[in-house]
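Peer 1: Chains as they are written, first to last, in my numbering: chain A, 418 to 556; chain B, 675 to 908.
Some hints here could point you the wrong way.
[To be verified] In silico lysine to aspartate or glutamate, DMTMM-like type, Cα no more than 20 Å apart, as pairs:
hint, chain 1, residue 1, chain 2, residue 2
1, B, K900, A, E427
2, A, K518, B, D719
3, B, K757, B, D815
4, A, K518, B, E687
5, B, K713, B, D700
6, B, K757, B, E702
7, B, K900, A, D460
8, B, K788, B, D815
9, B, K682, B, E698
10, B, K713, B, E687
11, A, K484, A, D460
12, B, K753, B, E702
13, B, K691, A, D508
14, B, K771, B, E687
15, B, K753, B, D719
16, B, K688, B, D709
17, B, K682, A, E427
18, B, K749, B, D700
19, B, K758, B, D709
20, B, K682, B, D719
21, B, K818, A, D460
[As the list claims (entries may be wrong)] Simulated restraints on C-beta separations:
hint, chain 1, residue 1, chain 2, residue 2, range
22, B, N793, A, W426, 41 to 47 Å
23, A, R525, B, K757, 29 to 35 Å
24, A, A481, B, P768, 35 to 41 Å
25, B, L791, A, I429, 40 to 46 Å
26, B, I792, A, G489, 32 to 38 Å
Hints in this document: simulated from the structure, not taken from any laboratory.
Positions of the beta carbon are idealized from the N, C-alpha and C atoms, including for glycine.
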Amino acid sequence: MASIVASIWEGITYRGREGHWAWLLHRVSGLGILLFLALHIVDIYLIGVGKEIFEAFLFFYHSAPFKVLVMGLLFGVYYHAFNGVRIILVDFWPERFSNWKTQRLMFRVVIVLTLLAFIPSAIATVAPLFNLHMPWWNH
Amino acid sequence: MRVTLRIKRFNPEKDEKPWWGEYEVDVEPNDQLLDALHKVKWYQDGTLTLRRSCAHGICGSDAMVVNGRNRLACKVLMKDLGKKVTVEPIRGLPVIKDLVVDMEPFFAKYRAIKPYLINNDPPPEGRERLQSPADRERFDDTTKCILCACCTTSCPSFWANGDYVGPAAIVQAHRFIFDSRDQATAERLDIMNDMMGVWRCRTVFNCVECCPREINITKAIGDVKKAILEGGVR
């Protein structure tokens, strides 16, 4: 346990560059996605337990604080997917992609792609809270 | 110019835990960080302990964490560090005293990859084993390693698990795996294919960013990964 805490501390305090932050964000987003997956398994299980408890859970899912968490999930999923492609490129074509310059550029591209996908999704997620109807969003 | 050095100190015979010592020194902009550390040791506090030898970026003795990043104290100039400089021992290896760490676990991994040419055939009579320039070029980058441990101790996989063979040992393995004169490719790829071998590399690039010899380490590791997948060097 002490070594896990020490290595997390080292990961946060080391002044790495793009590759370091890409790795750290990949880890955090991966753990976040895992958390949501566990939550999803629990809510599906609750259908079998009883209608009331399942609906209470759904009510929680549509609450404002949970929407904030969903936005985190959206960002995490998009980032994890795009950065996963970056890692595959670096791993399978090292002669082309595995150098400090290209990987720094690729990280920036990953962030831009993540934001391009995340921003419309985030707007659509919070819009119902403000009674806004998204033209492309059919409820 | 006057700079403040914040140095992480630890004497296992006296201290329960590490502490930060602050020292003000006058330096020239083109002085190395090593010069500044010498000024502290020679004129302010003789108990400061550090390891250095050639002081010209060749022996690889004075790797340390400078302003949060692995550097060689003899290859970094004071003008590039600012007025406040923090200096810590490299991470992931046991601290013996102050900036000196126990390098033995690091060198044990170096020895594990058999860092010498293995060729059971006698060389052609009266001459050396020849190699084409193209064959020599394949491992040119990885011959530059000076075993300073900057790469291995900047690697999050190594911080998390000290049994990981680490970037430096993989670089050394690459140097022989891709040498057309060597005959132990399968043996070394087998060592690299271990749970604690190349697969622990997460392509974080900290090693590449801090290598004082500017070796493209992540590419070398990628080459070895591919050689394992393809069942040998192509």
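Peer 1: Now look at each hint and say whether the structure bears it out.
Peer 2: Here is what the structure says about each hint:
no. : hint                        : verdict
1   : B:K900 - A:E427             : 30 Å, violated
2   : A:K518 - B:D719             : 41 Å, violated
3   : B:K757 - B:D815             : 35 Å, violated
4   : A:K518 - B:E687             : 45 Å, violated
5   : B:K713 - B:D700             : 9 Å, holds
6   : B:K757 - B:E702             : 12 Å, holds
7   : B:K900 - A:D460             : 42 Å, violated
8   : B:K788 - B:D815             : 19 Å, holds
9   : B:K682 - B:E698             : 15 Å, holds
10  : B:K713 - B:E687             : 24 Å, violated
11  : A:K484 - A:D460             : 16 Å, holds
12  : B:K753 - B:E702             : 8 Å, holds
13  : B:K691 - A:D508             : 40 Å, violated
14  : B:K771 - B:E687             : 9 Å, holds
15  : B:K753 - B:D719             : 23 Å, violated
16  : B:K688 - B:D709             : 27 Å, violated
17  : B:K682 - A:E427             : 15 Å, holds
18  : B:K749 - B:D700             : 19 Å, holds
19  : B:K758 - B:D709             : 15 Å, holds
20  : B:K682 - B:D719             : 13 Å, holds
21  : B:K818 - A:D460             : 56 Å, violated
22  : B:N793 - A:W426: 41 to 47 Å : 46 Å, holds
23  : A:R525 - B:K757: 29 to 35 Å : 30 Å, holds
24  : A:A481 - B:P768: 35 to 41 Å : 50 Å, violated
25  : B:L791 - A:I429: 40 to 46 Å : 42 Å, holds
26  : B:I792 - A:G489: 32 to 38 Å : 52 Å, violated
Comparing the model with each numbered hint stated earlier shows that hints 1, 2, 3, 4, 7, 10, 13, 15, 16, 21, 24 and 26 do not hold.
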